[in-house]
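We have chain A already, so just place chain B on it with the hints.
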Amino acid sequence: MSDITTNSQPRSVRRSRPVSSYLLRRPKLRLLSLLALPMTWIIGVYIFSLFLLLITAFWNVDPFTSLVSPGFNLENFSLVLTNPSYIATSVRTLLIALTVTLVCIMFAVPLGIFMAKIARPWLRNALAVAITLPLWAGYLVKIIAMRLVFTEEGFFNWAMSPIGVRGPGFSVPIVILTLTYLWFPYMALPVYTAIRQIPPNLFDASSDMGAKGFTTVWRVVIPLIVPAMIAGSVFTFSLSLGDYLAARFTGGATQMIGSIIAANINLNPPVAAAYSMVPITFVVIYLAVARRTGSLERM
Amino acid sequence: MALVELRGICKSFGTVTAADNVTLDIESGEFITLLGPSGSGKTTVLRIIAGFEEPDAGTVTLNGVDITHLPPFDRDVNTVFQDYALFPHMSVQDNVEYGLRTRKVPKAQRAQQAREAIAAVKLEHAIDRLPHQLSGGQRQRIALARAMVLRPKVLLLDEPLGALDRQLREEMQVELKTVQREAGITFIFVTHDQEEAMRMSDRIVIFNEGRVEQVGTPEEVYERPATRFVAGFLGASNIVTGELARKIFGRTATVSIRPERLRLQPVAYSAATGEIAVAATVKEAAFVGANTLYIVDTEDGVRLSISSTNTQSPGHDNRFAPGDRVLAVWHDRHIAEIPAERRHTSARGKYE
Numbered sequence: 388m389s390d391i392t393t394n395s396q397p398r399s400v401r402r403s404r405p406v407s408s409y410l411l412r413r414p415k416l417r418l419l420s421l422l423a424l425p426m427t428w429i430i431g432v433y434i435f436s437l438f439l440l441l442i443t444a445f446w447n448v449d450p451f452t453s454l455v456s457p458g459f460n461l462e463n464f465s466l467v468l469t470n471p472s473y474i475a476t477s478v479r480t481l482l483i484a485l486t487v488t489l490v491c492i493m494f495a496v497p498l499g500i501f502m503a504k505i506a507r508p509w510l511r512n513a514l515a516v517a518i519t520l521p522l523w524a525g526y527l528v529k530i531i532a533m534r535l536v537f538t539e540e541g542f543f544n545w546a547m548s549p550i551g552v553r554g555p556g557f558s559v560p561i562v563i564l565t566l567t568y569l570w571f572p573y574m575a576l577p578v579y580t581a582i583r584q585i586p587p588n589l590f591d592a593s594s595d596m597g598a599k600g601f602t603t604v605w606r607v608v609i610p611l612i613v614p615a616m617i618a619g620s621v622f623t624f625s626l627s628l629g630d631y632l633a634a635r636f637t638g639g640a641t642q643m644i645g646s647i648i649a650a651n652i653n654l655n656p657p658v659a660a661a662y663s664m665v666p667i668t669f670v671v672i673y674l675a676v677a678r679r680t681g682s683l684e685r686m
Numbered sequence: 349m350a351l352v353e354l355r356g357i358c359k360s361f362g363t364v365t366a367a368d369n370v371t372l373d374i375e376s377g378e379f380i381t382l383l384g385p386s387g388s389g390k391t392t393v394l395r396i397i398a399g400f401e402e403p404d405a406g407t408v409t410l411n412g413v414d415i416t417h418l419p420p421f422d423r424d425v426n427t428v429f430q431d432y433a434l435f436p437h438m439s440v441q442d443n444v445e446y447g448l449r450t451r452k453v454p455k456a457q458r459a460q461q462a463r464e465a466i467a468a469v470k471l472e473h474a475i476d477r478l479p480h481q482l483s484g485g486q487r488q489r490i491a492l493a494r495a496m497v498l499r500p501k502v503l504l505l506d507e508p509l510g511a512l513d514r515q516l517r518e519e520m521q522v523e524l525k526t527v528q529r530e531a532g533i534t535f536i537f538v539t540h541d542q543e544e545a546m547r548m549s550d551r552i553v554i555f556n557e558g559r560v561e562q563v564g565t566p567e568e569v570y571e572r573p574a575t576r577f578v579a580g581f582l583g584a585s586n587i588v589t590g591e592l593a594r595k596i597f598g599r600t601a602t603v604s605i606r607p608e609r610l611r612l613q614p615v616a617y618s619a620a621t622g623e624i625a626v627a628a629t630v631k632e633a634a635f636v637g638a639n640t641l642y643i644v645d646t647e648d649g650v651r652l653s654i655s656s657t658n659t660q661s662p663g664h665d666n667r668f669a670p671g672d673r674v675l676a677v678w679h680d681r682h683i684a685e686i687p688a689e690r691r692h693t694s695a696r697g698k699y700e
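Top to bottom, those sequences are chains A and B.
What the first sequence shows, in the working numbering, is residues 388 to 686, in sequence order.
What the second sequence shows, in the working numbering, is residues 349 to 700, in sequence order.
The following block holds chain A by itself, in its conformation from the complex:
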């Protein structure tokens, strides 16, 4: 049968498509075929490996040979939760992650206001590129770049020497700076987008009713971009919490949760597994709090 005669046939006698018509009548099967791949990924790889990690945390390890044997003991958890240096590292990591998030917000809000409301279009585009540009560079490259800037004979000390200022050397503040540098785009972009979406006449209205710039930012802009700040902070907070290379290369003796997990991953896998539950718990608590504010629905 030629194409022409097929096309001239009425629709009802078109060549049947068995698979499509079979699926059409079976919505559950259709759903299954839609979700098969992503669900295999999420359950098979993601959830399952997390579950394995949790199980490992209860296993035993031979102190001499480092051989792991299945079992059930809570010592790994009690070590992580009671040992002062583990606790100190957890608290330090939490504070570093929170500080990084705060610093990102403090940089992102004024930058976003400038880009969205003041900058001319060419400058706005240039800044948008400048913010996203670091994302194109490798993660390690950026850490090494920070290392070069803040090392003893690095750029910072050289540039600041005329006014007698010396950098703090590799320590917690430099870790915070490095992590801020790494994750800033994830905060800056949603914040900028949210500020752009504020209708311009809200600024006019605020000023019309006697509010100066700072009051408008505090009472109108900040409340309206809270969802964007929380969306950004999910990244800045959880990525900082899990990071260990920044601490290793720019932190001097600074230890973060990740550093300890990395050190234990061969020597004592159950302790590493138990300790990795700590940042997961922090993130879950953080998400639960964020959820209560109703911000996650708008991500």
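Every clue listed holds true.
With a cut-off of at most 20 Å between alpha-carbon atoms, the simulated DMTMM-like pairs for lysine to aspartate or glutamate come out as follows:
| no. | chain 1 | residue 1 | chain 2 | residue 2 |
| --- | --- | --- | --- | --- |
| 1 | A | K599 | B | E402 |
| 2 | A | K504 | B | E401 |
| 3 | A | K599 | B | D442 |
| 4 | A | K504 | B | E402 |
If you want the ones that stay clear, here's a sample from chain A, every Cβ over 10 Å from chain B, calculated:
| no. | residue |
| --- | --- |
| 5 | L485 |
| 6 | A524 |
| 7 | L576 |
Beta-carbon label-pair distances, calculated as ranges:
| no. | chain 1 | residue 1 | chain 2 | residue 2 | range |
| --- | --- | --- | --- | --- | --- |
| 8 | A | R412 | B | P436 | 38 to 48 Å |
| 9 | B | D431 | A | G639 | 51 to 61 Å |
| 10 | A | K599 | B | M349 | 23 to 33 Å |
| 11 | B | E523 | A | L520 | 49 to 59 Å |
| 12 | B | P454 | A | L510 | 39 to 49 Å |
Honestly, the hints are just simulated from the structure, not real lab data.
We treat Cβ as the ideally placed atom computed from N, Cα and C, and that holds for glycine.
Positioned in the frame of chain A, the structure of chain B alone reads:
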């Protein structure tokens, strides 16, 4: 001294001239409307009075004080915005309290004032709602309450009724007018709707291409249009110029006559004193309910629109059909002469 005085206001955006030498006096307590098609500069002038834009040239004074370069937050004027500009994250009460809060009014007092303002627009029941939970008309009222609670000397309204449907808009027109009269606040109202302007205003300022074409009471601008633009923009009008004007109307100036001032009579009709009758042929006749609209051509080739009110019982009005020979009749005093066009100098000095 007028409450608000604009002197020679000019403002351009790039190559577009939004305001071209606008001079205007606004008296205390009046309801004045800036009327014009979109892009005629009326909103720009309003924004210059509010302080959102700075004029390129000219001055704005309020109560004799030069406020041309004051920021909006230092001016004793408030604005009701076209799409209300309510803060979406604040309740009705917080929205209305906003301006009082920036003025450091004590908490108890500002809550009291906000409640009164919300009660004045009859929305006490919605005081805790968020703007998105309100209807368009309710938002409009809250925007009004939010501006009125600050008791400004001048309230600026930028097409505040534009987003409402027709029936609600007409209700709000009455309500706004009532509020204005009772509070005695000067309203500067921007609209492109000439009927709305006529209905509400004490005076109308007609804008075209950034210039003031005419200022006057609704009756003045309708009955004695100063320019051809005004005659054509406010309602329908028959405008006849040059040789034809001299021939038919006996005037040397451009003349304008409203369709409702023209009548059609049978050819046998004999004109009374002061009346002028011209032979014509009916081209079109359309019954639109209250009126019948005719288009007739005179023997000199002038096309006239005529609106005839249907006052008699059905079927008894003097009705004509296309092709009928008729007389177009008017009274000499109904002709409005439009002064020679005064482009570029129309605003300057004329209305000071």
